[in-house]
Amino acid sequence: MSAAQGMSAAPGGSLAAGPLLSVHGLTKHFPIRSGLLGRGSVVVRAVDGISFDVTEGETLGIVGESGCGKSTTARLLVDLITPDSGEIRLANRRLGADMTVRDLRRDVQMVFQDSYASLNPRLTMEDAIAFGPMINGMAERQATNLAHDLLSRVGLEPRRFAGRYPHELSGGQRQRVNIARALAFSPKVVILDEAVSALDKSVEAQVLNLLSDLKSELGLTYIFISHDLNVVRYMSDRVMVMYLGEVAEIGPVDSLYSNPAHPYTRALLAAMPSMDPDRRTEEAPLSGDPPNPINPPSGCRFHTRCAHAAPVCSSAIPNLSRLRAERHLAGCHMLVPGSGHPEAAAEARP
Amino acid sequence: MSAAASIAAMAAIEKSPGYWSGVLTRLRRDPVAMVALAVVLALILMAIFAPWVAPNDPYRSSMIRRLRPIGTPGFPLGTDELGRDMLSRLIYGARLSLLMGVMPVIIAFFVGSAIGITAGFVGGRVNTVLMRTIDVFFAFPSVLLAIALSGALGAGIFNGLLSLTVVFIPPIARIAESVTTGVRKIEYVEAARASGASGFTIVRVHVLGNVIGPIFVYATSLISVSLILASGLSFLGLGVKPPEPEWGLMLNTLRNAIYVQPWVAALPGVMIFITSVSFNLLSDGLRSAMDLKA
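As you go down the protein sequences, you meet chains Z and L in turn. To convert, note that position 342 of the first sequence is 341 in numbering that gives the first Met the number 0; the numbers rise steadily by one, no gaps. To convert, note that position 152 of the second sequence is 151 in numbering that gives the first Met the number 0; the numbers rise steadily by one, no gaps.
Worth flagging that the hints you see were computed from the coordinates, not collected in a lab. Remember, it's a predicted structure, so these values are computed and weren't measured experimentally. C-beta: ideal position from N, C-alpha, C; glycine also. Errors might be hidden in some of the hints.
What the hints assert, rightly or not - Covered by chain L, per the in silico footprint, the following chain Z stretches (three or more residues, Cβ under 8 Å):
hint: 1; region: 117-124
hint: 2; region: 131-140
hint: 3; region: 155-165
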């Protein structure tokens with residue numbers, strides 16, 4: 000692939016000023032139809048006011064249980080779902096103000112979990128990859144050539160795979176095609192929504208290595224969504240832990256894995272199977288399912304399952320507070336001196 | 000990469016057989032569907048070349064040789080109540096009967112698909128308005144609707160075609176809507192939306208190819224229904240008018256002869272039966288040939 004297609008808009012350090020992608024107060028509530036006239040007042044708080052930044056060239060991992068809003072967040076970021084409120088900024092341009100949805104979608108691409116469902120069964124691989132560039136005005140011949148380049152870049156020989164249909168490929172091969180399709184836009188950010196979760200472990204490892212290689216070759220930025228903590232640790236520079244549509248903790252991968260501050264993060268990490276008998280689980284494992292996002296618990300949303308819950312947890316909403324490590328934040332009353340939680344440090348300042 | 004090298008690379012690409020050639024291969028392996036296809040083709044050829052195939056003039060009547068039995072010399076399938084050659088009338092009858100059976104379905108296929116795909120893809124309020132309007136037509140039994148419409152419009156071939164078309168649009172639109180709604184939620188459509196493509200382009204490239212098959216199969220299964228409804232309209236005097244040969248109408252005019260020449264009187268019914276069964280079997284064969292998992 001020529002350099003022109005790789006990073007056509009290589010930013011010459013002009014973006015050093017701020018984060019590449021910045022999300023502030025992103026919220027999406029899905030109304031649920033109920034009642035006779037179908038105009039119920041019940042909403043699912045899928046994503047409830049989350050904020051985070053992604054620096055150029057880094058990988059932000061997003062983890063959390065099913066239904067915590069990981070995939071909704073991903074879809075909000077490419078405007079497949081329109082947010083209720085909150086702002087999305089890409090390279091200091093705000094969506095809706097000085098950036099259109101079309102601009103956003105060209106720079107932020109997504110790879111979905113289900114490799115089969117994300118490919119049109121009636122299109123050959125080269126047509127599937129060439130579709131996006133052609134939509135954006137590339138000539139058919141050029142787009143086909145680009146598709147062949149990308150196929151070989153993701154490790155699929157164009158001669159063998161360009162004319163194939165999705166059902167003729169294995170899951171890993173299909174996911175490689177999906178990655179190639181996302182790359183066809185020369186995006187700045189690629190969102191990987193459980194992109195390797197459905198693959199065999201050996202294939203998963205190959206695809207993860209491919210993703211790492213592509214990232215360094217093309218200077219990509221990833222948002223890596225997964226429920227597999229090991230994979231997230233391997234892939235990410237920073238990790239965001241989500242619980243019931245909110246950010247529980249966000250921080251650099253080493254700091255977060257070695258020094259988890261939020262009880263939920265600790266419980267998640269404790270649930271990871273350990274190969275080392277000396278590092279057995281010490282914290283009580285989480286029991287039960289997350290509460291219903293239609294009626295999330297008051298105060299700290301985690302207090303219903305938290306071993307450290309105190310009266311203050313059900314009455315006050317904890318803010319994300321800065322921890323010792325740089326860029327490590329967690330939302331827990333125990334971390335805020337004087338919050339009223341018995342395990343919090345004593346009153347700091349009045 | 001030079002142009003010549005790129006052409007060479009393009010030529011070397013292994014191409015998988017396309018979807019439709021696969022369907023054709025599978026259809027060819029289905030003996031029942033192939034027999035049905037042969038019958039359908041034979042009927043169509045018969046209708047087109049009626050003047051050359053028919054042994055006699057289908058309109059020439061004779062008071063002397065009325066209601067001859069099957070096997071009469073010169074009239075292999077006997078004669079009708081006005082002494083006209085049954086074989087020739089059945090052959091000529093294929094023209095109008097097939098027209099009345101196939102045309103409404105073809106038109107309804109295009110109109111119904113357009114309505115259903117629009118409703119399914121756009122969703123929301125547009126879907127509600129379109130589909131609830133369609134639902135109004137479901138309140139009437141299809142036979143009754145066809146009779147009421149052609150009764151209101153007046154007898155005649157064109158009005159018959161029109162009323163049958165209106166009868167078949169709602170079921171086709173409903174199938175199209177449900178298939179499209181299903182496809183719209185699949186991730187490749189989301190991926191296409193994420194690529195910034197317009198709704199029209201997404202429908203053309205990603206939706207149409209995946210929904211048209213099931214709709215088409217359903218439409219072919221309606222041909223037999225249309226044929227029977229058309230015959231019913233003619234039977235009631237609402238479709239084709241005498242002396243035009245049409246199977247339904249022939250069944251009607253011959254019904255008084257059922258005690259005199261029951262075999263001759265049943266012949267138009269036999270034609271309707273053979274035709275509708277063939278179309279149904281062909282549609283079944285198509286359905287299984289189009290199923291990728293099979």
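Against the structure, the hints:
| no. | hint | verdict |
| --- | --- | --- |
| 1 | 117-124 | holds (count 7) |
| 2 | 131-140 | holds (count 3) |
| 3 | 155-165 | holds (count 7) |
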